[in-house]
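Undergrad: Here are the chains, one letter per residue:
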Amino acid sequence: MSQRHLLALFNNFEDAEAAIYELRAANIKGFNFDDLTLKSPIEHHEVENILGQRSAKVQWFTLAGALMGGLLGFFLISGAQANFYAQMKGGKPIVPLPPNFVLTFEMFVLGGVFISVLGFLICAGLPARRSPLYSAKVSEDQIGILVKADEPAMAKIKGVFLNHGVLEIQEEAGK
Amino acid sequence: MSVNNLLENWSQFRHFHPVDDKPHDPYKWAMSIDLDACTGCNACSVACYAENNLPVVGKEKYAHGQAMHWIRIERYWDEDDREFPDQGAQFLPMMCQQCEAAPCETVCPVAATNHTADGLNSQVYNRCIGSRYCSANCPYKVRYFNWYDYPSDDNVWPAEMNQQLNPDVTVRGKGVMEKCTFCVQRLHAAKGTARSEGRIVRDGEVQTACQQACPASAISFGNLVDPESRVHKQWQAQQVALDKDVQTKDKEEGGSELRGYRIFEELRPYPSVMYLERVRESAV
Amino acid sequence: MMNSGFDRRDFLKMLGWGGVAVALNGCGNTSVDDGKETVVSYVETNDYMIPSISTYFNSTCAQCDAGCNITGRIREGRVLKLDGNPDSAINRGKTCGLGQAGVQHHYNPDRVREPLLRKGGQGEAITWEKAYALIAEKLNGVSGEEIAFLTGGVSGHLKVLLGNYLDSFGCKNHFVYEAIAPAVLRAANKKSYGVEMPRFNINKAKVVLSFGADFLGAWVSPVHFSQQYAQFRKGVDGQRGVLIQVESKMTLTGANADRWVVVRPGTEGILALGIINALGIATGDIAAAVKGYDKARVSKETGVPPGQIDKIAALLKLRSPSLVLAGSAAEGYAHGSQNAAAINLLNQVLGNVGKTVEAAAVVPFPQMAPATGNTAALKTLNDGLNAGKYKVLFSYAANPVFTAPGAMKFKDSMAKAGFRVAFAHYLDETAMQADLVLPLDSALEDWGTQVPEYMAEGAQINIQQPLMEKLHANTRGMGDILLALIKLRHTEEYKKFDDYYAYLRTAVLQNKGALGGGVADDDTFWNETLSKGIIKPAGSSHVLSGNATAAGLSLPASAAIDAQYPLQLIPSVSASLRDGRHTNQPWLQESPDPLTTIVWDSWVEIHPKKAAELRIEEGDIVEVTGKNGSIKAQAYLFPGIHPDAISIPLGRGHEALGRYAKGYGVNPFQILDAVFDKETGELALHETRVKVSKTGQRFIVVKDEGVAGGMQMGRKIAVRVSSDKVRLSEEV
Amino acid sequence: MKDIREDIAWAKINKDVLGSLENPRKLYWVILFCAFAAFGVGIGCEVYQYQTGLGVANLNNPHAWGLYISTFIFWIGMSHSGTLLSAILHLMHADWRKPIYRFAEAMTTFSLMTAGLFVMVHIGRLWQFYYSLPYPDERGIWPNFQSPLLWDAMAIFTYLSSSILFLYVGMIPDLAICRDNMHEGWRKKLYTLLSLGWEGTDRQWRNFRVTYLTIACFLIPLAVSVHSIVAADFAMSQQPGWHVTSFPPYFVAGALYSGCSGIITLFIILRYVFKFEEYMTLSILKKIVRLTFAIAMVWTYLNAVEFASVWYSSDQASKDILIQKATGTYAPFWWGMIFCGSIVPLTLAFKRAQTSIPMLFAVSLLLNLGMWLERWMIIAPTFSHGYYPWTWDHDQWPSLVQWGMVFGSFGWFTMLFMVFCKVFPSVSMYEVKEMVYHRSLHLKKSETAEQGAP
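From first to last, the protein sequence lines are chains B, C, Z and F.
When the letters of the first sequence are read in order and numbered with our numbering, they come out as residues 1 to 175.
When the letters of the second sequence are read in order and numbered with our numbering, they come out as residues 1 to 284.
When the letters of the third sequence are read in order and numbered with our numbering, they come out as residues 1 to 732.
When the letters of the fourth sequence are read in order and numbered with our numbering, they come out as residues 1 to 454.
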């Protein structure tokens with residue numbers, strides 16, 4: 001069964017939230033709640049309460065990146081110092097620990113930041129193609145709800161939106 | 001640079017010079033300079049120009065403090081307010097002290113200055129990128145930077161004058177740090193000869209250019225770990241030890257009869273040049 | 001070979017061996033310059049040249065007249081460095097900065113490369129043939145009386161050849177001129193000891209009392225004395241020698257003294273007599289002569305505190321033997337001879353003669369003995385030139401236009417000679433005035449023999465040999481030029497000598513026996529001689545006369561201060577620049593003056609007290625005005641000078657000579673008054689009185705010392721200890 | 001006085017900020033031209049120095065570093081406030097940062113780039129600079145990881161790249177706005193590319209928030225480490241005047257200080273040039289000014305601590321340097337630093353001064369002059385008055401080449417900064433919207449509370 005997209009634009013978060021709440025409660029057949037995407041011009045933290053636990057996993061990237069960076073840093077530096085052409089410094093051992101820790105720390109941060117950003121791109125699915133329905137209004141001042149649902153469910157969903165003062169509904173052209 | 005190598009030889013890589021053990025074997029080049037014999041005549045300095053291809057920078061650059069004398073003679077006056085310096089002046093030849101724990105070595109970003117197995121503080125001209133951090137960190141200010149491209153400067157080595165250049169010593173281009181090497185080219189030659197004869201360099205077999213010229217023979221140079229060498233005996237007699245920051249002489253109350261000291265010992269660079277205090281007659 | 005019209009005695013005379021029995025022998029040739037001009041690959045080089053391997057040849061340093069023996073390091077046919085020859089009794093393997101710079105004389109880019117003939121204001125390059133022909137032409141019809149030959153100090157075979165050349169036209173006008181020679185000392189020594197230059201054993205003395213003798217700097221044979229000094233400091237039996245220096249301007253030696261005694265300029269002799277008086281051991285006429293010199297008077301005249309005189313006398317009495325030296329600072333006055341005599345008297349009184357003052361060895365060939373220079377000769381020459389006596393003037397190894405006192409106006413006098421020939425390395429001030437300039441080989445390209453004036457131990461004759469091929473095709477050795485010139489007059493006698501080398505070799509070999517050659521064959525002996533670089537003939541030595549007399553000794557009281565010119569000008573002689581002939585060697589220009597650490601420029605030393613009085617600060621450009629003109633230079637406040645004196649170093653202020661010399665500093669010779677020593681007729685270098693005035697300009701003095709100006713700021717850098725605190729005998 | 005009006009329409013925010021990308025005041029072009037000219041001077045000096053040798057900068061043996069390293073530290077310091085403050089304020093949920101953090105972070109990035117230039121122009125053999133990079137190469141030789149200079153390079157690289165990422169990540173939603181509103185052309189292509197297809201979905205926002213927070217967390221210790229490492233260049237050496245334990249915090253305080261005054265200067269300029277009066281309000285300025293005042297006092301305190309610890313130590317050499325600074329050749333500059341750094345900020349304690357634009361502009365410039373002098377006074381006296389009295393030298397005056405390059409660096413920085421502000425939105429649109437949204441909610445709440453409570 002083919003699915004279609006539908007974008008509803010709202011004027012404010014209250015309306016959009018109410019619409020989402022109702023959609024979730026309505027349990028419409030042919031519409032999976034996870035297929036609902038909220039688009040907003042600003043980050044709206046409270047929306048998560050309604051959308052449920054959709055978690056972010058970037059922090060695991062961060063941890064891995066930082067640890068890797070630190071370890072890599074330490075061993076690269078110490079290994080380089082202990083390589084075939086050891087550079088002897090009077091009064092200091094060939095592998096001196098305090099300066100190596102400085103660089104280890106820098107590499108720890110570097111790894112952490114870089115891999116976090118990589119994690120962000122992966123987790124947020126960026127770079128991404130434009131989704132089928134998009135309105136520039138979303139980047140201005142309107143809240144968009146993008147749903148993907150079976151053809152038959154569309155009418156019901158639209159009804160929910162209209163109940164909550166939707167400004168505009170865009171539909172994907174039929175196939 | 002495998003991690004295995006690193007871990008297996010960890011203790012070796014964590015070894016401290018020169019404190020952990022006898023620092024160098026079979027060579028540790030060192031010097032002792034008798035300030036009582038030094039007359040301040042500058043012969044050593046000119047000899048160094050001749051041996052090491054030092055550029056003559058000319059009046060203007062000298063005025064800007066850009067002179068390149070690897071060994072300089074300093075003249076000090078007494079610091080009381082007498083009308084005349086009736087005890088004469090004090091002269092001090094100052095060159096790279098070839099520190100065992102050199103402050104310059106650790107700071108070079110590209111490792112262009114290192115400690116050699118012979119206990120020298122080596123300067124690798126090719127490697128130097130000219131950050132001048134070593135010079136900033138040298139307490140003696142005996143490192144000299146090539147502020148200009150002296151080899152191509154019109155009046156430094158004009159035609160014919162360039163034929164005097166010592167082929168055993170590099171001519172340094174601009175942007176490179178340089179300093180006294182203890183005439184390392186001579187040391188290499190002597191070591192080579194000795195090695196081919198299956199022995200170590202004998203005392204007196206190799207001289208630095210300044211030592212060779214010094215009309216008053218104030219400079220002795222040699223292998224500090226060779227018990228036969230004059231330098232070893234002098235250091236021994238003066239009870240000066242390489243890896244100490246306070247010597248017997250300074251510990252004794254009311255002074256001692258020893259004359260040996262090293263400049264800025266308290267900073268712990270462990271310099272390889274021992275000076276013998278200048279003596280002044282007490283009877284006049 | 002003896003049948004060509006001149007006899008054996010003449011021949012011996014010609015070669016300079018007259019008076020000694022000799023045997024003659026054949027020739028060989030090991031010249032570097034063997035005439036082949038082929039390209040030789042390094043794959044197959046000469047025996048003595050292995051790529052990348054240095055070879056060493058011995059020769060003699062020609063930078064000053066001390067005659068140090070040197071070893072040149074040669075690689076790939078180029079001389080790279082000069083070091084002392086360890087077998088030399090004079091310098092024992094050591095060199096001074098001036099000697100090191102010998103290579104810069106050789107490789108100097110400003111050397112004259114072609115014979116130059118004056119054409120208007122310019123010099124035109126000509127060929128040697130033309131030059132010789134021109135000299136012959138100019139000498140044609142000129143009597144020997146009308147020729148003047150000015151040289152610096154010459155010795156050895158060059159002196160012989162020169163003498164023979166001058167003899168060839170009956171010329172007696174050989175003027176030997178050295179601007180800063182110890183000529184007064186020679187005369188005084190001759191009177192006191194019977195020899196001009198005895199041997200001074202500094203190393204054997206327990207006390208050295210030096211009246212302005214800068215024996216560590218520029219005096220007589222500094223490298224030799226420096227070594228003696230080092231031994232003297234270690235002490236004979238653990239008792240360290242004490243050096244007391246008496247002078248008005250601190251020299252390098254003064255800076256190394258245990259006690260530096262500043263005296264009013266010119267009163268050194270009075271102090272010497274005062275010390276004799278204080279010693280109280282003199283007898284006879286000496287005692288009578290010093291009777292008037294009691295402490296109070298001496299102290300008043302010299303400015304030395306009475307207590308100081310007592311201390312010196314006590315020390316001299318206590319520690320024997322001692323050595324008293326009279327140096328150039330004491331000699332440079334109108335009563336310089338008297339000063340020197342009074343000082344020498346002190347040696348006699350202390351009984352040092354025969355102990356620390358010994359007769360020097362003498363080379364048994366008087367013809368080769370050095371013709372020592374002086375300034376009296378210059379005066380005679382100058383007077384002669386002014387009187388229009390000389391039609392042709394030759395000049396070699398002297399630069400009188402630069403070094404003659406300004407009052408003499410030598411440049412103008414020189415113009416009065418009809419034809420002026422200069423043998424020169426550089427176009428110096430004198431060569432610039434010459435009609436014909438003949439370019440010389442450098443000392444490292446030339447052959448020669450030299451006899452040092454100051455003999456360190458046994459007699460020695462120094463060999464000078466080329467250390468490398470000639471750098472410039474058209475320069476000639478002085479010996480070769482003289483030989484060529486003499487051939488123009490005595491073709492037959494000299495024709496068998498192709499060049500000066502052949503002459504020299506013949507001359508040495510024919511006297512093999514006396515020169516220690518024994519029965520060795522010629523080639524072996526010659527090669528050995530060259531390889532040693534020193535000939536040590538069995539020398540005789542003079543006997544010192546020990547006649548201690550104060551006869552004829554009269555010292556003027558110190559002069560009253562001249563209101564118009566209140567300051568005494570002391571021209572100082574630096575160890576590296578001397579009279580200025582080496583100023584074009586950049587190492588020397590950049591080698592800081594040991595006391596002021598100034599480079600590349602001249603300065604006026606003023607005592608800080610005087611400077612404060614005159615409101616002068618370091619770097620002020622001051623005008624120093626004397627009766628004979630004025631010069632401007634930067635002031636340097638220097639504590640080691642008598643407040644009534646100022647000092648300007650000699651050697652700089654060239655208007656010619658070369659790129660490293662021209663335009664740097666000022667030339668104090670220019671403003672010297674023409675005052676002469678009453679006895680010897682020598683120029684009294686220190687007798688110029690001047691006044692100093694500020695010009696209002698100020699420069700930053702170019703010197704090595706920083707703004708801390710020789711202060712250690714309590715950092716324990718150059719440390720000093722009192723002699724009773726150390727045990728030198730236990731040291732290594 | 002409010003940080004921002006709560007009733008600004010979101011669409012107006014878009015319009016105003018996007019407007020700054022297209023029609024700034026004429027002054028913009030004047031500044032850009034001057035900056036370009038100054039940069040040209042710097043380039044000329046560098047070309048001359050590269051050809052001739054560093055001698056033309058009139059550096060010498062004891063005095064090896066001169067203005068290059070002083071100015072290097074100055075720019076590193078300048079870089080500190082932007083990112084560091086932005087990160088700290090972000091963590092502390094101080095929403096008044098929102099209109100100003102973007103340009104502050106840009107300031108960080110560009111001053112780091114400027115600082116990097118000084119490392120380059122300072123080294124003697126610029127053409128061999130890659131010797132200091134740690135990469136395995138055929139020479140088998142590595143740089144010396146013990147050298148504080150290498151830590152410096154590494155720290156700066158980390159800081160620069162992290163700051164750029166922080167700036168970029170924070171800008172993605174705004175880039176999407178630009179993309180949506182720009183006409184076809186290179187700008188549109190650029191924004192499309194850089195916005196990575198951002199649509200503001202809940203998933204994107206969620207991950208965005210975590211990432212942004214994470215980077216902010218990393219940046220705070222990083223920024224502190226960067227300037228303490230720069231301090232280590234000096235404090236790790238033995239030279240008197242440098243070998244000071246309190247240097248790292250002192251440097252960090254100095255960095256924040258100059259960064260804050262830099263923010264004030266640029267705030268005033270941007271506000272006028274891009275007509276941001278609505279967003280960069282005086283109320284926000286007042287907050288920064290108060291912060292600056294506080295940091296000025298911290299800096300003054302640390303300065304005093306340093307002097308006191310030198311004065312009461314037995315380190316004669318360091319004491320000599322302190323005396324030299326106060327009485328020697330450099331005394332006018334040293335007292336100038338004290339005046340600009342410790343006296344001038346006292347004016348900021350007065351309320352009237354806190355909102356007077358001309359006054360603040362002048363004061364912020366003076367503060368930065370003081371901070372530049374501070375860096376110079378760290379470098380120069382130690383070189384000219386170090387351990388070794390023989391080499392003391394006070395007459396070493398930087399040559400015009402050095403001054404030219406210092407001058408040029410300001411041109412380079414201004415040029416980059418001004419171009420950035422014209423190409424990218426220098427006020428964060430989405431965050432200002434958040435700010436307005438949250439404040440209006442808050443307002444509403446308190447209104448209802450008032451009404452509900454009779």
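One should not assume that every hint holds.
With a cut-off of at most 25 angstroms between alpha-carbon atoms, the simulated DSS-like pairs for lysine-lysine come out as follows [claimed, not checked]:
{"hint": "1", "chain 1": "F", "residue 1": "319", "chain 2": "F", "residue 2": "2"}
{"hint": "2", "chain 1": "Z", "residue 1": "191", "chain 2": "C", "residue 2": "59"}
{"hint": "3", "chain 1": "Z", "residue 1": "725", "chain 2": "C", "residue 2": "244"}
{"hint": "4", "chain 1": "C", "residue 1": "59", "chain 2": "Z", "residue 2": "632"}
{"hint": "5", "chain 1": "Z", "residue 1": "716", "chain 2": "Z", "residue 2": "191"}
{"hint": "6", "chain 1": "B", "residue 1": "137", "chain 2": "F", "residue 2": "12"}
{"hint": "7", "chain 1": "B", "residue 1": "137", "chain 2": "F", "residue 2": "26"}
{"hint": "8", "chain 1": "Z", "residue 1": "609", "chain 2": "Z", "residue 2": "409"}
{"hint": "9", "chain 1": "Z", "residue 1": "632", "chain 2": "C", "residue 2": "249"}
{"hint": "10", "chain 1": "B", "residue 1": "148", "chain 2": "B", "residue 2": "137"}
{"hint": "11", "chain 1": "C", "residue 1": "251", "chain 2": "Z", "residue 2": "716"}
{"hint": "12", "chain 1": "C", "residue 1": "251", "chain 2": "Z", "residue 2": "725"}
If the Cβ cut is set under 7 angstroms, some of the chain Z residues that face chain C in the computed set are [as the list claims (entries may be wrong)]:
{"hint": "13", "residue": "77"}
{"hint": "14", "residue": "81"}
{"hint": "15", "residue": "186"}
{"hint": "16", "residue": "226"}
{"hint": "17", "residue": "388"}
{"hint": "18", "residue": "723"}
{"hint": "19", "residue": "724"}
{"hint": "20", "residue": "727"}
Across the chosen pairs, the derived CB separations fall in these ranges [as the list claims (entries may be wrong)]:
{"hint": "21", "chain 1": "F", "residue 1": "47", "chain 2": "C", "residue 2": "173", "range": "14 to 24 angstroms"}
{"hint": "22", "chain 1": "C", "residue 1": "205", "chain 2": "Z", "residue 2": "554", "range": "33 to 43 angstroms"}
{"hint": "23", "chain 1": "C", "residue 1": "84", "chain 2": "Z", "residue 2": "623", "range": "58 to 68 angstroms"}
{"hint": "24", "chain 1": "F", "residue 1": "314", "chain 2": "Z", "residue 2": "54", "range": "47 to 57 angstroms"}
{"hint": "25", "chain 1": "Z", "residue 1": "698", "chain 2": "F", "residue 2": "36", "range": "47 to 57 angstroms"}
{"hint": "26", "chain 1": "Z", "residue 1": "237", "chain 2": "B", "residue 2": "85", "range": "52 to 62 angstroms"}
{"hint": "27", "chain 1": "B", "residue 1": "49", "chain 2": "F", "residue 2": "213", "range": "53 to 63 angstroms"}
{"hint": "28", "chain 1": "F", "residue 1": "47", "chain 2": "Z", "residue 2": "566", "range": "49 to 59 angstroms"}
{"hint": "29", "chain 1": "Z", "residue 1": "314", "chain 2": "C", "residue 2": "84", "range": "20 to 30 angstroms"}
Simulated from the structure, these hints should not be mistaken for laboratory data.
Quick caveat, the model's predicted, so the values are computed rather than measured.
Where a beta carbon is used, it is the ideal one built from N, C-alpha and C, also for glycine.
Undergrad: Give a verdict on every hint.
TA: Evaluated hints:
no.	hint	result
1	F:319 / F:2	50 angstroms, violated
2	Z:191 / C:59	46 angstroms, violated
3	Z:725 / C:244	23 angstroms, holds
4	C:59 / Z:632	18 angstroms, holds
5	Z:716 / Z:191	49 angstroms, violated
6	B:137 / F:12	13 angstroms, holds
7	B:137 / F:26	31 angstroms, violated
8	Z:609 / Z:409	35 angstroms, violated
9	Z:632 / C:249	50 angstroms, violated
10	B:148 / B:137	20 angstroms, holds
11	C:251 / Z:716	15 angstroms, holds
12	C:251 / Z:725	16 angstroms, holds
13	77	9 angstroms, violated
14	81	5 angstroms, holds
15	186	24 angstroms, violated
16	226	4 angstroms, holds
17	388	41 angstroms, violated
18	723	5 angstroms, holds
19	724	5 angstroms, holds
20	727	5 angstroms, holds
21	F:47 / C:173: 14 to 24 angstroms	18 angstroms, holds
22	C:205 / Z:554: 33 to 43 angstroms	59 angstroms, violated
23	C:84 / Z:623: 58 to 68 angstroms	26 angstroms, violated
24	F:314 / Z:54: 47 to 57 angstroms	52 angstroms, holds
25	Z:698 / F:36: 47 to 57 angstroms	41 angstroms, violated
26	Z:237 / B:85: 52 to 62 angstroms	55 angstroms, holds
27	B:49 / F:213: 53 to 63 angstroms	19 angstroms, violated
28	F:47 / Z:566: 49 to 59 angstroms	56 angstroms, holds
29	Z:314 / C:84: 20 to 30 angstroms	21 angstroms, holds
Checked against the numbered hints given earlier, the structure breaks hints 1, 2, 5, 7, 8, 9, 13, 15, 17, 22, 23, 25 and 27 and satisfies all the rest.
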